[in-house]
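J.: The primary structure of each chain is shown beneath.
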Amino acid sequence: MHNFRDMYQASLSYQDTDTPIHRLNAVVKLVWTGGVVVLAMLIDHPIILLLVFLSTLPVVAIGRIWRQWLFIIQMAIWMGLVVVGINSLANPGGITVIWQSWFSVPVLGHITIRLEPVIYGLFMVVRLMAIISAFSVLTFTVRPDELLEAMLEMRLPYKTAMVATLSTRFVPTMLGDVMRITDAQRSRGLEMDKGSVFFRLRNRMSILPSMLSLSLERTIQLAEAMEARAFGSQNKRTRFFKVAYRKVDITAIGVILAVLAVALYLFFSGGTAYEYFPSLQGLGLTIKGVVMSVVIVLGLPCLALLAWLAKRGQE
Amino acid sequence: MISIRGVSFSYNGSDVPALKNIDLKIERGEFVLLTGESGSGKSSLCRVINGLIPHFHGGVISGHIEVAGLNPLQSSPGLMANRVGMVFQDPDNQLVTSDVCHEICFGMENLAFSRDMIAGRLDESLEMLDIKHLRNRPVAQLSGGEKQRTAIASVLALRPDILLLDEPTSQLDPAGSQRLLASLRRLNRNLGLTVILVEHRLEKAIHYADRLVVMGKGTVLVNQTPRSAMKKSDYALEECAISLPPVVELYRNLVARGVKLDAVPLSLEEGLTVFKKILAAPLPDPPEEVGRNNNAVAIEMEGVSFCYQNQQTILENINLTIKQGEVVAIMGQNASGKTTLLKLINGLLKPSSGSIKILGTDTSGLSVAELAATIGVVFQNPGDHLFSDTVEEEIAFGLKIRGVAPRDIEAMVGSILSRFNLEPFRARSPNELSLGEKQRLAIASIMVYEPPVLLLDEPCRGADKSTRENLITILRDHVFRGGTVVMVTHDVELVAEYSQRVVIMDSGRIIADGEKREVLPSAGSFSPQINQLVKLSMGPGASSRLLTAREVAGVINES
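Chains as they are written, first to last, in my numbering: chain A, 1 to 315; chain B, 1001 to 1559.
No wet-lab data here; the hints were simulated from the structure. The beta carbon of each residue, even a glycine, is placed where N, CA and C say it ideally should be. Errors might be hidden in some of the hints.
Claimed, not checked - Cβ-Cβ distance ranges computed for the label pairs, FRET-style: (1) 18(A) / 1224(B): 53 to 59 Å; (2) 202(A) / 1469(B): 37 to 43 Å; (3) 1116(B) / 74(A): 27 to 33 Å; (4) 1217(B) / 18(A): 54 to 60 Å; (5) 1312(B) / 247(A): 38 to 44 Å; (6) 212(A) / 1186(B): 27 to 33 Å; (7) 1311(B) / 202(A): 29 to 35 Å; (8) 265(A) / 1311(B): 49 to 55 Å; (9) 314(A) / 1116(B): 49 to 55 Å; (10) 1370(B) / 202(A): 54 to 60 Å; (11) 212(A) / 1191(B): 54 to 60 Å.
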């Protein structure tokens, strides 16, 4: 339960600034995010996985969304530690015992912690961080409206795309609600500042009923307003706003697709896999693995480089 | 344009019909002001006209309706969208996209207009509402008034014949709502647009309207021109539980005392003509109220400034002393720092510099919950405060956390329930209550442990007459018992009638502070209608300490 006020101040929605990354069109960033997600999901090798994650950082930096990025990565790490913990306890794989309890726990028996599940869990977290990092670029540098246009451009169904963008559009509103309700209830004497963590947490939960009924109300009113403006009344709808492509956008999409194609080819032709179980494989990379790493390290951050060059070209 | 005959409607699962046998005819180009107490069926009627009832809300409907040549019972809201545009109360819940031009195009795209047509209408709509400069602005950066203008522009882009507005000004400050209503009037006159405006505060819009419709308990009680409705003092308008514009109050007050007047005035300008003779001679000041307040200090703010981390200053060097037993109104445009001031007083925010003392105790080391023992706060949305399963538990909460014995709790809760007229809801969930009832409950749940200071943020927003009067009774009672009231409000007439002292804020500073008769007359858009009337009647540069119709009628009677 992190402080909502921090979250609100980091303002976890589109950041209205003008950076080279913001200027790229939304399709580019959608394709890039998709590419990172595919790579992060497929790749098992710890070194290459780490490189995928690191390759997203230049884009975050040029897009100037460090503050927001840091905040959600923090949350991802907390969540990830829970994953590591559960994985270490519950995953029966692995043979290298690093710790065993001298006491016996009902149901579980003697607790045994093995190296392999711990490492496997840790790299699951890296995977998660790479995906979240890529999505942060999408959330913080693309206006919800542009995201909708990009999704429509990629022929996603309209209603699905609309729901996805509406949820991002309402994040700040809902965070505002949480803060307002929390303030109102603290003002009534519900202690949320002092006392044990458990006590405070329990008191904070009291905002849920209000939050639920308020969100429901908002949803109904929004649905009414959309209905009154003919949402979904025609099978075909006009797309007034079209995504504009500059040279840099097309180049960027080309590079991302090329990186993806090479990486996928290398992956499916074998030789880049990695085994965590029963015992950790050596970290050494095959030639294919090295090529894949180089392509990823040069290819994914190219978004930042291209955007930056395009901006310099304009000035 | 609109013809409604014998229409009745009930929501699913409700035994009480929301609309009962409504008959109403509205001609093309009329400006209709629709009013009535909360729950009287105004919103339901609007939704019947644009087809959201029954297509969206369901329920049982009977009778005959024709709107712009269509039958909304058979035509879907999508089809009706071309004929009837609707603007809702809360700007945040009706803007779908994240910037102004996308918002305006949303409906047109849904109706599959051609791209050329959309481009043309986008420009026109921006122009009609005077928001060309906002074209590419993100919705999140707009003020409440700008959001409502955007909402109107986005429905006007579909070129409806009829524009329905459900309390569009309830979240705006006086200047913002004045601008919005003036644009409605312009659209109505220049384009021949039929406008149906739901509004509680008649004085804001009655002079624009061709017709006044007052609803009560699901029926139409009054349906005539505003002038004839306001004039007839025999009429049951008093029973409709709506508050009349101050100039009308004055007119009726004087007529009741046998003064002969030509016509009933609906606006300040008309008032100047109608009351010319009576107000020509300078009027005496109202009788002086109770003497100086020598009570102890309740709230003391010394050199208080506030800013969020490394961001611009929100409050600057506030010095404010409020004594016990005072009723203080804090006024100012939106975003002038009023709510921040309240939050500093009850400890939700801590000052960046300066000190705050409550009843002589410095608040810096106290948590919000600890301060709650001496300071009760009710924010704009009373529902935010409520978290218990039943009304009874909600009230008992404040006593339980203070360790009151269960036997005493029962007795105290019982007496509060009857004092606040909440007895019938005792075992109900707070969520089921109406806005006015929620507000009573929110205040009751604080008053049960009698904190000496009560802070209120916009207590009368969207409130009808009976809710307002009820609130004033509750506050009077609190002050009578020695309590202090500080309220943030835009409601000029509430302040004129009820508060003692007024503090006006602008851009994070206090720009005026004093007895209400000193401050309000020179407060621009915050001075009450009657005060402006008296001042303007007396000629340029004149001033007057009279604030309400009752006071003016009183001093005229004496002289």
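J.: Which of the numbered hints are not met once you compare them with the structure shown?
T.: 3, 6, 9, 10 and 11
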